[in-house]
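Novice: Protein chains in written order, with the numbering used here: chain A, -10 to 254; chain B, 2 to 523; chain C, 1174 to 1716; chain D, 474 to 797.
Just so you know, these hints were derived from the structure itself, not from any lab. Certain hints may be false.
[Stated by the list, open to error] Coverage of chain B stretches by chain A, computed from C-beta distances (three or more under 8 Å per stretch; other residues unrestricted):
hint : segment
1    : 72 to 85
2    : 346 to 355
[Claimed, not checked] Short, incomplete list of chain B residues facing chain A, as computed with Cβ under 7 Å:
hint : residue
3    : Thr183
4    : Leu325
5    : Arg371
Just so you know, these numbers come straight off a predicted model, no measurement behind them. Where is the CB? At the ideal position from N, CA and C, for every residue including glycine.
This is what each chain is made of:
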Amino acid sequence: MRRVTLVLAVAVIVFLVLAALAPDLLAPGNPLAIHPLQSFRGPSFAHPFGTDESGRDIYTRIVHGTGASLLIGLAATAIGVGLALVFGLLAGLGPRWLDFGTTRFLEVLFAFPGLLFALLFIVIYGPGVVTSTVAVGLATAPGYARIIRSQVLVVRRAPYLEAALVLGRGPAHRLFRHLLPNVAGSLFVLVTLGIGQSIVWASSLSYLGLGAVPPAAEWGAMLSAGRTYISSFWWMTFFPGLFIVLSAISTTVLGRGIQQRGRLS
Amino acid sequence: MTSLVSVRNLSVTFGRAEVVAGVSFDIEAGACTAIVGESGSGKSVTARSLLGLTGGAVRAAELRFDQTDLLTASPRRLQRLRGRDIGFVSQGALVALDPLRPVGREIADSLRLHTASTAVERSKRVIELLGEAGVPQPALRASQRPGELSGGLRQRAIIASAIALRPRLLIADEPTTALDTTVQAGILELIERLRDQGTAILLISHDLAVVSRLASQVLVMKEGRVVESGSSARLIDAPQHPYTRRLLNAVPTDRPRFDRLTEAPAVPAAEVTPDVVLSASGLSRQFGDLQAVDDVSFRLRRGRTLGIVGESGSGKTTVARLTLALERPDAGSVSLLGEPWSELAETSRRPRRPRIGAIYQDALSSFDPRLTVGRILRDSLGTPRRDYLAVAELLRSVGLSPSLAARRPRLLSGGQQQRVAIARAIAPRPDVLICDEPVSSLDVSVQAQVLDLLDDLQRSLGLSYLFITHDLGVVRHMSDDLIVMRAGRVVEAGPTEDVFRNPADEYTRKLIAAAPRIEAVS
Amino acid sequence: MKRFLSPLIAMAAVGLLLVGCTTTAAPRGSAPVSGGTLVYATGDAEPTCLDPHVGGNYPQALVATQYLESLVSKNKAGDIIPWLATKWTESANGLSWDFTLRKNVKFTDGTPLNAEAVAANVAHLQDPATGSSTGYLALQKVTGVTVVNDLTARFTLSTPDSALLDSLSQPWLAIESAKALKRSQAVNCESPVGTGPFIVTKWVHQQSISLVRNDKYNSPPADAAHTGPAYLKAIQWRFLPDSASRYAALQSGTVDVIDNAQPDTLVAAKKTKDLVAIDAPRPGASNRIELNSSIAPFDDKRVREAFIRSADVNDAITSLFFGTAKRSYSALSSVEKLGISEPKLFTYDQKAAAKLLDEAGWTQRNSDGYRVKDGKVLELNFPVSTNQSIPAEQSLFEQLQATTKQAGFKVDLHPLDLSSWYGALGANQYNLVSAPYTKVGPDVLRILYDSDGTKPAPSGYFANHSQVKDPALDALLVRAGETSDQKERASLYKQAQDIILGGYYILPLYDQQNHYLLRSTVKGVRAMPTVSTPTMYDAWLSR
Amino acid sequence: MALPVAAAPRSSVARRWLPWLLLRLGGVVFVLWAVATVTFFAIRLIPGDPAEAILGGPGSQASAAALAKARADFGLDQPLPLQYLHYLGRLAVGDLGQSYALRQPVITVIGQNLGGTLLLAAVSLVVAAAIALGLAAWSAWGGPGASAVSSVLEVVAAAVPHFWLAISLILLFSTTLDWLPPVSIPGAAGLILPVLTLAIPLAGFLGQVMRESILDAMASPFVLAARARGEGSNGVFWRHALRHAAIPAIGLAGWAFGALISGAVVVETIFARPGIGRSLLSAVQQRDVPLVVGVVIVVALGYMLVTTLTDLADRLVDPRLRAR
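Bound conformation, chain A alone:
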């Protein structure tokens, strides 16, 4: 069972990556080409996912939108994990007072749970793809930071670091040969798990009309465009949503898979 899901997940991810890198392979059409007189067509052979309000093929748009959507997920995660790494390492490696300071600071950030921080950020800088991406990144940072910090502390106290010290290894060696590489492992899992969540969050913001905007062929934008038509033309929202869900699930499954392997070892 687990294996099967893992395989499926990898398959989906391969598809997504392919779609992101070479969309024309999977969908030769032009995602922006309009056919006003073929608008709102339901799923059919010609249009597997139907067409949208301007008669654009939704399948084509989804495929061509993959790049942008994944990029948003990646960027947000990169921002989140990047900041988290700084905080986590400062707290985990720095002197006690620095750890104290950083942890308090993180506690404060934690008091803006979930979307709250993102929304606050959007109030300040206004809606849009960039702001929503940054917002999601910032909102997820404290969570990652806490994990990284505890990870660093665990590794820092690990006997093998002491062993390295006994062998007369310098701080640089202990940091770069032992500590960071061992932290990096869990970091990788974090990122894979994070991308999925970031995509979901970013798309939620788009759905609320605070994120990406039409006509860009980006999943979140397609969602907010299809939103008004949901009662008549479900496919306009369903399929972009489906791909968001799929990418989130598959990255999560992959991340867990790596985690499992990590645990066994």
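Given the structure of chain A, go ahead and fit chains B, C and D onto it with the hints provided.
Specialist: Relative to chain A, chains B, C and D alone:
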């Protein structure tokens, strides 16, 4: 009289793997039958088959407890037997109690499950039971969680819950592993008393000394099969099977220094001048309000071994850390090769670190999980270039095949892991090696090999050991001089044999008395 | 969120003809039943104040129609009819108007409707502290109101105002209890007091407004279907901004009436017997795209025409509105009597467009197929207010973007939130913009195309987005606003519209969409012929 | 978090809990102050004149006089430090200011909406816990197959965005089957879909955590010991496994609170349910700064309370923390 338990041709299989095969034995009331074997020998599974908790497929010509055929008994019936007629003292005193529940509750469960009793009656009984099991302040302890109890108390609590309903059979699976010597002695006495009160005992242990003290009948198991069985007296005096002999031979207790514990011949000793390589004076270290180490001094000469023995919390490990300059002493100092050591700044100490190495009880956790054996050793050799020859040579020197270089430590056996640790420690050609409980978690035969290896290395390389252990048998076999520690203080020091022959200190005497040694019960 | 700022300024004008407006007339034989609570779900923004004097926008008008009444109203034909005023007379010089008030009408706080009350209301509207924008500007020419006798109020004007009656017909100039107006604005905003068929009892912000029947009601407009109190016992006025859930709520019968119905739901509604649609286009300007003639490239008329010719509006409308919106070729709403329509000016013709651009010197095309002239790409900046343009309209712009590309236009759509949108306009960095504009009568043209309309207010806001600066046009509009000779007025407005349409300053799209959906159990609802807000006075529930 | 407490068994309750409580309270106050400060200075970054925002944003044609009046009314003409102090002073007495868009005290707006959200969140939490527990129990008894299936279910549930779930549920239960109202109406029926939407993803996360710890517990020596004592599967599950599953679940509570609030923003909007989530969103869309800040601070307070309570619960369930 017919025996209480009789097992004929028992075999247990997990999937395709047959972990127990053709095992037969009986247990009489008031007698103790023991199963001896090393980890993976199938002794625990054999024991659990009597409880119907193997989790594998059990087959046997006969598997009888009293009148009950355990093979055909219904799950309900078995469930009723468990705890009421068959008590079980499980392996690993430290984890066999639910950390989230008061100890008393766990014991009360046995009563609740098998008797119609009110909570009040139960709690009263629980306190009595704890008392019987030799737990001081039973009322208080009953209300505490395992985390607040010492290993010894936990084990007593477990026994209390096992004997709550006066079972006719008590299965004790490694009841004293990981316990301090004196505590171990206490537990054994307790079990002995139960036996004498007429309880049948099935004792599972890897420690022949423990077995020889309690058991009248002994089975020696290896890879799921019984290699030899009989009265413990016969087995110890005249072991037939070579494996039995090897096991007996491997026990270090009462074995003079340099006496080989394995067949492997000793290597010729190198000439060394017995100058002092390591000396500590007046070491003291305090953690919070706990005086972990209090004015400890010692001197270690080249090519010799200084043993530090003591029970958990005696501060011996702290001494090791102070000697390795992983902790700063509050008072006193350590000097290495006649030069200052503990008071140096880490940066100026670093170049001299290769002079002093260390091996630990848990070798695996001292390896970076990402690295292969080869990589680990290469690092320790300090040869950045890929010096495979050196690595291979190093592996051979600790009796490992160079082919292991590609493996990751976690895939090696406990013995192999400790050998790799040793290889890493000796790689920079140190003068001193700090050995902190290096064999405590190893099977006796493996322990023997490692001890012999350390012996050989000491001779060939003229190494000096600071050898820390709680096991008097091991320490007596390994060390020339001895320090006995208690509560951070040195209670006795001197040449090992003198200390053992006529211990001056009362605690030392108690310790030595408590140490189990192989003796045939008459 | 839809278009609540649209009627920022509303001034008077003449008759209004409700083309699509159908009242859901009760089938013969079934007599209206009294009682029951009607649930109305609005997609418009929640008002910040229930007194339409304050500010004055469409959401306020929607709900105020239920509890406030104006001096005059209009019938379907678009002619002014009596309401709180029974008759009125304009002085010869057009500088004073006498209004005779209806007898024994009482505000719901018990105070009588009289000339003082009217005076107090005008004073309230003109008091800067009130912060009225719509009503305030509608009364710009009114210098004051004097009490002739208890039931006669005299309006005095600075210059003749042919639009006065239309102004007064609007809910933003409704008459409230003088006593109530004396309360603090905060209180008055929560519970305004009028003469209407319903009374505001409770306002739970962001959720709903509760209204109950005014049992003493006796002042329906002349065109109402019945007299006496309303049939409905109460109205629950819910705020459901999300169009999808609004429609779903209607389908499931959770609510009885919704506004801002989306095109697709209208089509779906047609298919079921449970739902009935009311189409009530708003008066004033049509929805159109304005071409900024003050900066390149639209400072060149030929380029403006080229753009208009190359935009395939009709196909877009068919695809997006399912025939719920009719293409407009006029600067004015189709309900404006004096609106003129010029289809031939706006026919889709790529060839003509190409020719025009060549003439204008945009001869080269770059690799992407966009026109280029001395190194500059034919690029058009189009800020879109996501608050004011419904999704279908935004999609329509996307489609125009695609069709005009064929001619070589590069249209950059910038969906913006309201403040950024105003920012873009204020900075005069736009070439195209679409701003809906509700107001009664052709005088809207003066707001939208008079040179004065290009001067930004302190906040940067201005109405003349096409930035038409034509003295001749200005003169026409001023005169039209003053004359009360209907013939002259009509001809003046025709000339004005010829200039506007002929100058290719705007690309008309369709009327300002204003669709209501009702459960068929709701009878007797009609849109007021004034500003197309629905009145529940005649409404009753057949269930 | 867990500060060293006198490990001596006989230490009185007061001595055990008081210092801890004091420290926690101090922490709460500190965080609230920090949150307030962050938000205060954050909103200074908003482009444009706050006074104009107060008067309805650009296009409101606010006269210079009106702007000046607004500045005076809202104390925007004072120097920043003074404004900050006044702001803190007002917060201290629970005054969160006046909403620009609603022309109402922020505290009233929140007061009107908090109840709905809390109800929604609480019910969702219970439902989620129930689902998660169900899955966990199933995988504990149903063997590896069940465990694998439920783990997949959990991953899927955890990954589904609220809005998509909501839409799908509406399409299924309202538009197609017409069983449940698509917008929340007063009463239980209106609560079902919103609760499901919030509960399912949460159940996914909780389930993942609980299942792992339950399976670990079931495999642990003390469970073997319990069985050897004659304990049956039920006993083992309820008496032992469950407590161990509770600990990580409790640990998630703070996070869950955030997740529920964030979810509420989406759910309340889609189901047109009154609540602070919806207020927050409309406030964000209208840049109604005081309301946004107010909600943020209230939620922060709630978060701190939740974490404090869960800490307390943790220490009650798991004595190991107390001993530390």
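Novice: Min Cβ distance, B/Thr183 to chain A: is it shorter than 7 Å?
Specialist: 28 Å, violated
Novice: The hint names B/Arg371 as touching chain A; please verify it with the least Cβ-Cβ distance against 7 Å.
Specialist: 6 Å, holds
Novice: Count the residues of the segment 346 to 355 of chain B with a beta-carbon closer than 8 Å to any beta-carbon of chain A: does the count reach three?
Specialist: This one holds; 5 residues, not fewer than the three required, reach chain A with a Cβ under 8 Å.
Novice: Report holds or violated for chain A covering the segment 72 to 85 of chain B, Cβ cut-off 8 Å, minimum 3 residues.
Specialist: violated (count 0)
Novice: Under 7 Å, Cβ to Cβ, is where B/Leu325 needs to be relative to chain A, so tell me if that hint holds or is violated.
Specialist: Since the shortest Cβ distance to chain A is 6 Å, the answer is holds.
Of the numbered hints given earlier, the model fails hints 1, 3; all others are met.
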